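Trainee: Mind the numbering: the sequence shown is residues 1 to 79 in the UniProt record's numbering, read in order.
Source of the hints: derived by calculation from the structure; they are not laboratory data. Predicted model, so just to flag it, every value in this text is computed and none were measured. Some hints could be false.
Capping the alpha-carbon separation at 25 Å, the derived lysine to any residue pairs in SDA-like fashion look like this [as the list claims (entries may be wrong)]:
id, residue 1, residue 2
1, K35, P56
2, K53, Q19
3, K35, D63
4, K35, Q19
5, K35, R62
6, K53, F25
7, K35, R24
8, K35, A55
9, K35, L66
Restraint-style ranges between C-beta atoms, simulated for each label pair [unchecked claim]:
id, residue 1, residue 2, range
10, P37, D63, 24 to 30 Å
11, R62, K35, 33 to 39 Å
12, Q19, D63, 40 to 46 Å
13, L66, E27, 17 to 23 Å
14, L66, D23, 42 to 48 Å
15, D23, R62, 42 to 48 Å
16, S54, R24, 19 to 25 Å
17, R62, V15, 18 to 24 Å
Ideal placement from N, C-alpha and C gives every residue a C-beta, glycine not left out.
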Amino acid sequence: MSNPDRKHDNRTQGVWTVQQARDRFEELLDAAANKGPQQIHDTERGIVFGLEKSAPSKKSGRDFLLKGGPLDDRDIDPD
Numbered sequence: 001m002s003n004p005d006r007k008h009d010n011r012t013q014g015v016w017t018v019q020q021a022r023d024r025f026e027e028l029l030d031a032a033a034n035k036g037p038q039q040i041h042d043t044e045r046g047i048v049f050g051l052e053k054s055a056p057s058k059k060s061g062r063d064f065l066l067k068g069g070p071l072d073d074r075d076i077d078p079d
């Protein structure tokens, strides 16, 4: 008997069925981290969910505050 997941295994192309994603969640996360963006397709609901590694943020808390974070410009002493 053949495995339906193996018959249409698109994981090498970054496409997963919902069942494959459930059964191999750790592998899915590893693929997103190491091989690039991954997609989970739910054909019953017409949903495509994307998963990819996030880029490290280069902004600091200081930058956030200086660019209008919770403080107003007049709350920051320029000197």
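Trainee: Each of the hints needs a verdict: does it hold here or not?
Mentor: Each hint, compared with the structure:
no.	hint	verdict
1	K35 <-> P56	holds (17 Å)
2	K53 <-> Q19	holds (21 Å)
3	K35 <-> D63	violated (32 Å)
4	K35 <-> Q19	holds (20 Å)
5	K35 <-> R62	violated (33 Å)
6	K53 <-> F25	holds (15 Å)
7	K35 <-> R24	holds (15 Å)
8	K35 <-> A55	holds (14 Å)
9	K35 <-> L66	violated (36 Å)
10	P37 <-> D63: 24 to 30 Å	holds (27 Å)
11	R62 <-> K35: 33 to 39 Å	holds (35 Å)
12	Q19 <-> D63: 40 to 46 Å	holds (43 Å)
13	L66 <-> E27: 17 to 23 Å	violated (42 Å)
14	L66 <-> D23: 42 to 48 Å	holds (47 Å)
15	D23 <-> R62: 42 to 48 Å	holds (44 Å)
16	S54 <-> R24: 19 to 25 Å	holds (21 Å)
17	R62 <-> V15: 18 to 24 Å	violated (41 Å)
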